[in-house]
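Visitor: Model the placement of chains B, C and D on the given structure of chain A, informed by the hints.
4 protein chains.
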Amino acid sequence: MDETHKQDLYNRLRTIEGHVRGVQRMVAEDVYCMDILKQTRAIQRALQRLDSLILANHLNTCVTTALRSDDDTERERVLHELMQVFDTNQRS
Amino acid sequence: MDETHKQDLYNRLRTIEGHVRGVQRMVAEDVYCMDILKQTRAIQRALQRLDSLILANHLNTCVTTALRSDDDTERERVLHELMQVFDTNQRS
Amino acid sequence: MDETHKQDLYNRLRTIEGHVRGVQRMVAEDVYCMDILKQTRAIQRALQRLDSLILANHLNTCVTTALRSDDDTERERVLHELMQVFDTNQRS
Amino acid sequence: MDETHKQDLYNRLRTIEGHVRGVQRMVAEDVYCMDILKQTRAIQRALQRLDSLILANHLNTCVTTALRSDDDTERERVLHELMQVFDTNQRS
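Chains as they are written, first to last, in the numbering used here: chain A, 1 to 92; chain B, 1 to 92; chain C, 1 to 92; chain D, 1 to 92.
Read the hints as simulated data drawn from the structure, not as lab findings.
One or more hints might be untrue.
With a straight-line cut-off of 30 Å between C-alpha atoms, the simulated DSS-like cross-links for lysine-lysine are [unchecked claim]:
{"no.": "1", "chain 1": "B", "residue 1": "K38", "chain 2": "C", "residue 2": "K38"}
{"no.": "2", "chain 1": "B", "residue 1": "K38", "chain 2": "A", "residue 2": "K38"}
{"no.": "3", "chain 1": "A", "residue 1": "K38", "chain 2": "D", "residue 2": "K38"}
{"no.": "4", "chain 1": "B", "residue 1": "K38", "chain 2": "A", "residue 2": "K6"}
{"no.": "5", "chain 1": "A", "residue 1": "K38", "chain 2": "B", "residue 2": "K6"}
{"no.": "6", "chain 1": "D", "residue 1": "K6", "chain 2": "D", "residue 2": "K38"}
{"no.": "7", "chain 1": "C", "residue 1": "K38", "chain 2": "C", "residue 2": "K6"}
{"no.": "8", "chain 1": "C", "residue 1": "K6", "chain 2": "D", "residue 2": "K38"}
{"no.": "9", "chain 1": "D", "residue 1": "K6", "chain 2": "C", "residue 2": "K38"}
{"no.": "10", "chain 1": "A", "residue 1": "K6", "chain 2": "A", "residue 2": "K38"}
{"no.": "11", "chain 1": "D", "residue 1": "K38", "chain 2": "C", "residue 2": "K38"}
{"no.": "12", "chain 1": "B", "residue 1": "K6", "chain 2": "B", "residue 2": "K38"}
Just the calculated beta-carbon pair ranges, DEER-fashion [stated by the list, open to error]:
{"no.": "13", "chain 1": "A", "residue 1": "A46", "chain 2": "D", "residue 2": "E76", "range": "20 to 28 Å"}
{"no.": "14", "chain 1": "D", "residue 1": "G18", "chain 2": "B", "residue 2": "D70", "range": "43 to 51 Å"}
{"no.": "15", "chain 1": "A", "residue 1": "R25", "chain 2": "D", "residue 2": "T15", "range": "45 to 53 Å"}
{"no.": "16", "chain 1": "B", "residue 1": "R25", "chain 2": "C", "residue 2": "Q7", "range": "55 to 63 Å"}
{"no.": "17", "chain 1": "D", "residue 1": "V31", "chain 2": "A", "residue 2": "R77", "range": "41 to 49 Å"}
{"no.": "18", "chain 1": "B", "residue 1": "T65", "chain 2": "D", "residue 2": "D8", "range": "49 to 57 Å"}
{"no.": "19", "chain 1": "A", "residue 1": "R14", "chain 2": "D", "residue 2": "E29", "range": "54 to 62 Å"}
{"no.": "20", "chain 1": "C", "residue 1": "Q7", "chain 2": "A", "residue 2": "R25", "range": "47 to 55 Å"}
Just so you know, even glycine gets a beta-carbon here, dropped at the ideal spot from N, CA and C.
Bound conformation, chain A alone (with noise of 0.2 Å):
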């Protein structure tokens, strides 16, 4: 991952701890719970936006070293794994 990469994804990562922190607030405050779901989801949509990006980037870097190169091994490792996080994708 180059380090832009990275930066995004860390930024992201403590966005989403904030919000983690503001929902425990919600709950200690006694917010209707309805409201406390839609930031739970919230959440989960902006962890789905770090998948997309994390995957992107493995796209671009892993799959395609892995799919030009002739160890197929590799190759059939790389697809393998991409064939799981499209099944458990489908799933959660």
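Guide: Just chains B, C and D, lined up with the frame of chain A:
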């Protein structure tokens, strides 16, 4: 929300916060991106379990009270809100 | 379910059936696989809209009746069932 | 797509079509709405398995060929398309 339920949600949110910080360290330490992805998804699953607990409590308290009341506006509001939870859920 | 609601569900299911047959033709005619994928997903979205309509009707009829009744067993059954719908939904 | 893969997809789509017709009968026969919902969700899971098979085949054929070629435009197109599949998937 009763105290046991509140405490449970709060503890789970603290665990999630710790998990998010763990992923920040993984990014800083250049851990393989697909391993980071596995962790961000584990966090999403933990948030989904939290959502289930919030919703189960909501059904047993607010929704039950509203549907048993004679306030038609309140009943419609609660059912409309439930449908929104369900629909957003399908898309997130 | 009242007749209008039943007819609406039935018509949607007929459209979905036609859509599935259209995808069979695409497979037989060697259409580009990513274009087939777009169609199978469009079918899934149509099924999700169907689910929303079924659930909205369920909330306004069965759930409302059950929660307003004095039959505790029935109320618990209906709420338990709703939670299952929500939880499966999160994973599918 | 090779013939075995095509035949597999086609057979699955025929099964799915039969399943959709089965749900039409359930609606016509006034089956309990939550039992209908279980079936529409089973159909969605069958479609997701179909998507997985299509995508696995796509990765092993089109994506591998494109990434191994020297055509930068084609490589970018294929990766962009994969990201769209992933992102829509997250939301559907």
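Visitor: For the pair we were handed, K6 (chain D) and K38 (chain C), check the Cα-Cα distance against 30 Å.
Guide: Cα-Cα ~17 Å, so holds.
Visitor: Starting from the hint 54 to 62 Å, judge whether the C-beta atoms of R14 (chain A) and E29 (chain D) obey it.
Guide: holds, 56 Å
Visitor: Quick one, are K38 (chain B) and K38 (chain C) close enough, alpha carbons at most 30 Å?
Guide: holds, 26 Å
Visitor: Given the hinted pair K6 (chain B) and K38 (chain B), is their alpha-carbon gap at most 30 Å?
Guide: holds, 28 Å
Visitor: For V31 (chain D) and R77 (chain A), compare the CB-CB distance with the range 41 to 49 Å and indicate the outcome.
Guide: holds, 46 Å
Visitor: Does K38 (chain B) pair with K38 (chain A) here, judged by a C-alpha cut-off of 30 Å?
Guide: The hint holds at about 24 Å.
Visitor: Between G18 (chain D) and D70 (chain B), is the Cβ distance one that fits in 43 to 51 Å?
Guide: With a Cβ separation near 47 Å, G18 (chain D) and D70 (chain B) satisfy 43 to 51 Å, so the hint holds.
Visitor: Are the Cα atoms of K38 (chain A) and K6 (chain B) separated by 30 Å or less?
Guide: Roughly 17 Å separates the two Cα atoms, so the pair holds.
Visitor: Check the hint pairing K6 (chain D) with K38 (chain D) against an upper bound of 30 Å on the C-alpha distance.
Guide: Distance ~28 Å between K6 (chain D) and K38 (chain D) Cα, so the pair holds.
Visitor: Would you check the hint for K6 (chain C) and K38 (chain D), treating anything up to 30 Å between C-alpha atoms as holding?
Guide: holds, 17 Å
Visitor: With 49 to 57 Å as the target window, see if T65 (chain B) and D8 (chain D) comply at their CB atoms.
Guide: holds, 52 Å
Visitor: Tell me if the straight-line CA distance from K38 (chain A) to K38 (chain D) falls inside 30 Å.
Guide: holds, 26 Å
Comparing the model with each earlier hint shows no violations; every hint is respected.
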